[in-house]
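Using the sequences plus the hints, can you model the full thing?
Residue numbers (this note's numbering), protein chains in the order written: chain A, 1045 to 1461; chain B, 4 to 802; chain C, 21 to 484.
Don't take each hint at face value.
[What the hints assert, rightly or not] Taking lysine to aspartate or glutamate and the EDC-like style, the derived pairs with C-alpha atoms no more than 20 Å apart in a straight line are: (1) A:Lys1168 with A:Glu1184; (2) B:Lys319 with C:Asp480; (3) A:Lys1445 with A:Glu1123; (4) B:Lys185 with B:Glu24; (5) A:Lys1234 with B:Asp69; (6) B:Lys112 with B:Asp69; (7) B:Lys319 with C:Glu245; (8) C:Lys48 with A:Asp1068; (9) A:Lys1114 with C:Asp480; (10) B:Lys319 with C:Glu224; (11) A:Lys1234 with A:Glu1247; (12) A:Lys1048 with C:Glu61.
[Unchecked claim] Have a look at the derived ranges for each label pair, beta carbon to beta carbon: (13) C:Gly479 with B:Arg427: 52 to 62 Å; (14) B:Gly17 with A:Arg1461: 31 to 41 Å; (15) A:Lys1189 with B:Gly694: 21 to 31 Å; (16) C:Arg424 with B:Pro317: 46 to 56 Å; (17) C:Gly483 with A:Ala1169: 38 to 48 Å.
[Unchecked claim] Cβ-to-Cβ under 7 Å is the rule here; a few derived chain C residues that face chain A: (18) Glu100; (19) Gly104; (20) Pro113; (21) Val119; (22) Thr138; (23) Pro156; (24) Arg167; (25) Trp175.
Honestly, the hints are just simulated from the structure, not real lab data.
Ideal Cβ placement from N, Cα and C applies to all residues, glycine included.
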Amino acid sequence: MAEKHRAHIRRGIELLPQLGLPQDSALGDLRWTKELILATWWQALTGKSPENIEHRIGASGGGFDRLDFKLSSSGIAAEQVSLSIPLNRRDSGQVTLSLPWYGGGMSLGSVSLNFMLSRAMAAKAAGTLTSTGEGGYPSELLPYKDHVITQVATGMFGVSEETIQSCRVMEFKYAQGAKPGLGGHLLADKVTAEVARMRESAEKTSLYSPFPFHSVYSVEDHKKHVDWVKTVHPGVLVSVKVSTPIDVEMVAIGSYDAGAHIIHIDGGYGGTGAAPEIAKKNIAMPIELAIPRVHRYLSSEGVRDKVTLIASGGIRTAYDVAKAIALGADGCVIGTAETIAVGCTHCGNCERGRGCQIGICTTDELLGQFIQPEWGARRLLNLYSSWAAQLRELLASLGLKSVQELRGRKDLLVYRR
Amino acid sequence: MNPLTAARRLLPQGAVPQRSEDEGGCGVIGAASAKQLEGKYLLTALRQMKNRGNGKGGGIAAAGLDARQLGVSARVLEEDYILQVAYLDPSARDEVESRFITPRFRVDKGREVAMRDYRKLGLEVPPPKVVQYFVRALPAELESFIAKHHLAALTRDAAEDEFVYQNTYLLNSAFYSSLQEKRAFVLSHAKNLVVFKLVGYGDDVIPCYKLENLRAHVWIGHHRYPTKGAVWHPGGAHPFIGLHDALVHNGDFSNYSSTVAYLAERGITPLFLTDTEVAALLFDVLRRTYGYPLEYLIEALAPTTERDFHLLPPEKQRIYREIQTVHLPSSPDGPWFFIIAANAPQSSGYELIGITDTSMLRPQVFALQGKELGLIASERQAIDAMLGSLHEDGKAASSRADRYWNARGGSHTDGGAFVFTVDRATRELRCADKFGREIKVQHPDSAAIPYDIHNADSGRIAAMDLAAFRKHALGIAAGKDKLAAVEALTGLMNLRYPSKEPRSALLDVLDEALVKALSGLPRCSWATQRKLPKPGEALAVDCQDFPVEGPESAARFVVKASRMGWKRLLLYHLRGHRFIGSGLGPESALRVDCYGNPGDYLGSGLDGAEVHVHGAGQDQLCQILKSGKVVIHGDVGQTMGYAAKGGEIFIRGNCAGRPLINAVGKPRVVINGTCLDYLAESFMAGDPLKGGGFVVLNGISAERGIEELETPYPGGNLLSLASGGAIYVRDPQRKVEESQLNGGKFAPFTAEDWKLILPYLQENERLFDITVGLLLTVDGEKRAPEDVYRKVVPAGMRH
Amino acid sequence: MGSTYRMFRLRAEETPPLFPQPGPFLPKVSKPGLARLILKEALGYNRKLLGSAHREALLSRPCIYGVFSGPFGGFSPRVEKCTGCMRCVQEHPEVCSVVRNPAFAEQGDSYWTPTAATGSTPLSTVLYEAHTGKVPVRGMGYKGAFRGEGWDAMWTDMSEIVRPTRDGVYGREYISTSVDIGRRASHLEFDASGDLITSSRTVEIPIPIIFDALPEQVSNADITESIRTAAGNVGTLFVGRYVQKEARCIALAGDLDSVRAAQRCAAIELEDAALLQEARKLFSGPLGVRLPTKEGFVERAVELSRTADFLHLCADYHGRTFESTERHLKDALLDVHQRLVQEGIRNEVTLIASGGIILAEHIPKALLCGADAVALDTALLVALQARFLGECRFPERSAIQRHRIPVEWGTRRILNLMTSWHHQLIEMMSAMGVREARRLRGNVGRALFADELEREAFGDIQGY
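Given below as structure tokens:
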């Protein structure tokens, strides 16, 4: 049965970008328009940009959707453009990414193991990273461990010295853009034996992540927290994932002072497995507004080149990546674009009943079989290579040889009213 | 309208700031002493808390000074305001004096405070030159001020206070405002109280201004951890002042703009953009402008709410409700902890006040030694460091306090605030909580201890004076089997037995003997760590000079020694060393013993090893504890066992707030004392009868035999939003109420439950001499377990 | 021994709509296409039909929500079950389509239905909340516009690291949403023996929300009674005319006779400020003034604050002021609040704001801009499924189709709405790290204003 539906779904999402959909189709919304979804499917299928579908901007009417680049022609060939970024700018032990983006945290339980594997395989093949999210470290990911970030979030589920010691990059998740300042809740029903084992909890017992880290009520506590992880695993790169409050720049400098290598700011319009709608819309600022704020501040404090600034929360396309970098980030973290690549429709029913209709966010056995790791990884790699080509072309036409040269180049942007 | 409020509305009003500069939390300490103490004693405490600041601001305040040292008469010291001006730009002095000092005040003495070369102290930003003016308002100036501001209804002293206050406001506005060049500002202007601050650490202030020998009854010190970093001015450092007081703060208001609006309504514009300034100004408004007694002032800052309000006597409820109606909208929210040094005219003496926020979000420890010394700090180790240096010079009876405690913010039990007062006339020290109830040291006692210790002759010790006890202890230390000697001395440290002398004094002796015994073992220190002997039975590690964190820290040394094959480590001279037991990975054969003050995060991440703390623990112990065992022979601080997955924890004393928060799996914990609040919030530890986790909360004090506490659990939240695990609370009087179980419920205590917890109580007996028999004895009668223990389980989830 | 303390908590109870409500999606199936598909599938599986596993596979439908699981499957889809997941379209793009339901976008008015392209509107949100009492929770990210106007031109802050968030949801930690309505003393005074002699003239409500009086042409007896009962159950107040002896009522009084008649009401709101002095002699409780946001209302507010215990600042039902150059209630509030601070009387008077408060998020936003509490209007009507006839903007000129409803149902619906909003208020306060609703008032440091932030971020970009 899984086979039948799997075949249908694969065929359908391969076909749809060409078939198109009616004007009043329910697919898509203002941020992820129908066109952006279809364009992503196309790229995941072919590894190339679509010709007749708007694949650069959505219809949100602000932020990235109003920004554009001042293009010019230059003598630089796209193939010469470097897309790599360093993650460690403050001490020894370099981790370099081949692409200026990596995958954000999605936990086992919130997504299926198959999809986790797809992401890890793609990350390894592309020379970038993915993250465990807060749900433990399934042993199936061990072959990809150099490309898997261990996330320590406020519930610290599945976090042990072993998982901290086995990663190159450790991410403290203080907050998530889609629900800034709010915790998580995994209903008892979703806590299957496997999920419980991963999180070292009891089966069928509801799991809660608290709102704050209860051991961190100040920047000084935060430093202690980072020191702790460095005691457990000296040499680990520490990423601090925070949301975008009004004083996000203070949080960023505080994190730098605490010893973080990566400051990861997650804006309000990012994805999630489940979050109160009120939080997504209303709490904290969109990432487009936060990036220049943090970039400017870190620069004025004289530490901008000692820390890597990663932006996320609504990065949908290669063009969003480029705009985020031009606004001041070093690179981006993506999540929803990856789920779309394997067939997500951005319908938002992730947390309902059996979960996702095509088995991305699910613990359901049948649905979980729809995405096979190799197929998923292929689609993700296709999307990555399409994005990489778009980004190289864009940088070449801006006269830049490296994505690192784009950082903070607001002068290359234009705002379209 | 209040006359002072009306008068201030005549002042030029600045723009009302909406946002403060963030501060990341800080290190704070305060001390009050019946005898004046020299500034140098603050140094060790501040040095040991350096990791709570970042060198971007430090300050101290001292009250109850010595007139001779300041070169004035006792009368001048008592009656004059000490207007202390910081000159960032020394050339501003003439202008400041000619505009704000000489035409308005009679200057009885003016002197420039001596300084050391700041470069030699390693300071980057030059500290301000400080000039101390002993002043009184010129009568004619004061008269016209009173007339102009319609203050005739005030006493002359109160009007003069306001004269001084407004003069400072005008001086600061002219010479130090956030928008223009910063040239000079007033550090302090109280009577018999001075403030110094600079860009650096708190402990830089004392050598910089040569305050090592300055004597005062009350001291406060502060390291700042501001998050912004490029440009720094000492004006942003703490303490901040009202009039008769200086305040240091650890925290950050989440309603800065509301509190600022409240002040703006009263004609007060903050100039320094920190919430600490706002706190000091609020304190001054409530105390001086409105004349509130301290209890009501504290209520206006940290209101008593929810169940605690409900438990207040009706008359207090009436008054507190009115205070809240008026003041709650502008009372500070978010994490905060204030320490205030004050010399208010309405009080009987020099005060040291500690006030905690109502959610207890900042670390805080209070301590009392005899009738001599009261201390408040962010960390217990800072208190012990100060006491240690005092004791070394013979200025404190012991290097430990006789009593340490945490305040429960906004509570009906202590109000979350304590005041130490040194009487101006008698120089006696008194400590009271918010409600004015006196806190005393309970003296040795001994007869009340009904049981024997394992390895010492209790009868003999009871008769020993200090010299005899010392001889006894050193005798043990001289024993041939050094490890056995260490064990025996450790037993004497950990257990309670009748004695002639205060326990704190015995512990000092035992420290000395222990170090002697440890010296006989294979041993290393910071200096000798590279020449480690071959692994043997046990390694003694002198941690004194090890860094408290970082790659070279004592915690990393423990990992290194363990990897070399050592199976037992005895760490001593610990002084706030963090992360002990972290980084070992899965490791089950190691045992670590800690002497002194191990710091935060001890045992965090532990997976199989054993850690024993022969004393008290600090904050964030046993985070994500996976397996293994942690034994604490004293109290522990905030948030113990956060997100623990398993393992065993035994605690002789009390926990501060939030133990076992978000713990899952199967942690098993015995707490013999109690905890402030939020025990086992979001506990998710399955069914304890089927291998899950639990906490036994005995609710007793085991200092003098076994005494039941007033209630086994004073907090309003027990097992909130929990979905698994259980709390077994010793509560024979059935004092814990349904209303405290915010998400929990009582369940029958069965034979199966007893079978489950008994082995843990037996281990508890072995470790602490708290016998199962005594735990089951109530009012002299032995009872059945189900009549003594109650079981609380999650109520089942609401959504 | 044994305290009777109980934490404030509202309890929701599923209360389904009385009248059918169009959903946002319309699944469509091409019947010939479906017939062909079934035929094809049946042939493909022909030989394997003997095995029951294959029969199951053959019969399994693409929809996991049961749109096609009726007796006639795809020939008669169960439209109401559609969640817009598009699985059927993904599997059978030639046969299935899901389109937006035009009836969904036609409900309410321009204020209640800004865009249906996100799958939800303020109207569908309130209906869901009144139905379930739950906090709307969804997966994936925000689907709406980058920013909007009015309340949508601001965000609320969250605390991070430098200040911890609070864990207030599900009552995990204490967060109070209580506020006081009335006049607070500027400070406390004590007599010579130290006894407190000050007493404020206030009434406490457990949530910063009251229910406003509705004009007669949009209300009926069932609606009024539902609101009245719900106010009682929540423990808050409702504003009403011609009421006597209503302890949970703020009596709306147009003359002194009404003041006399309202002696046992919790508070009195005068429609005519000129009556203040006389009314004060007749009534000892909180006495306020209704102040429509007409030309000069800021100055009027300052003046009235010296005598009235509370001011009820009213905007129209779309949250706009009644001035000739109309502006949003948010800006009106900021203005009034700041003026009262300058005058040094802000803490003494209570400011109630109303007009177009229709979503949970509007409450903390209104409080941050300076209100002590808000009053609800059309949100109550929507919860009770009243149908708008055209634009419902000006209170006296709006038309609404009123139904007869069972009061018990109406009460439940409003109670559910308040339960959901109470939880959402706590979520936002938790994120801000503020644990008393009273401390939200004018706490502008915890508000993020889109105009200001956009200017800072994009001001130096060409074309901005």
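Against the structure, the hints:
no.	hint	in the structure
1	A:Lys1168 with A:Glu1184	holds, 14 Å
2	B:Lys319 with C:Asp480	violated, 58 Å
3	A:Lys1445 with A:Glu1123	holds, 10 Å
4	B:Lys185 with B:Glu24	holds, 17 Å
5	A:Lys1234 with B:Asp69	violated, 69 Å
6	B:Lys112 with B:Asp69	holds, 15 Å
7	B:Lys319 with C:Glu245	violated, 38 Å
8	C:Lys48 with A:Asp1068	holds, 12 Å
9	A:Lys1114 with C:Asp480	holds, 14 Å
10	B:Lys319 with C:Glu224	holds, 18 Å
11	A:Lys1234 with A:Glu1247	holds, 9 Å
12	A:Lys1048 with C:Glu61	holds, 10 Å
13	C:Gly479 with B:Arg427: 52 to 62 Å	holds, 59 Å
14	B:Gly17 with A:Arg1461: 31 to 41 Å	holds, 37 Å
15	A:Lys1189 with B:Gly694: 21 to 31 Å	holds, 30 Å
16	C:Arg424 with B:Pro317: 46 to 56 Å	holds, 47 Å
17	C:Gly483 with A:Ala1169: 38 to 48 Å	holds, 39 Å
18	Glu100	violated, 14 Å
19	Gly104	holds, 5 Å
20	Pro113	holds, 5 Å
21	Val119	holds, 4 Å
22	Thr138	holds, 5 Å
23	Pro156	holds, 4 Å
24	Arg167	holds, 5 Å
25	Trp175	holds, 6 Å
Of the numbered hints given earlier, the model fails hints 2, 5, 7 and 18; all others are met.
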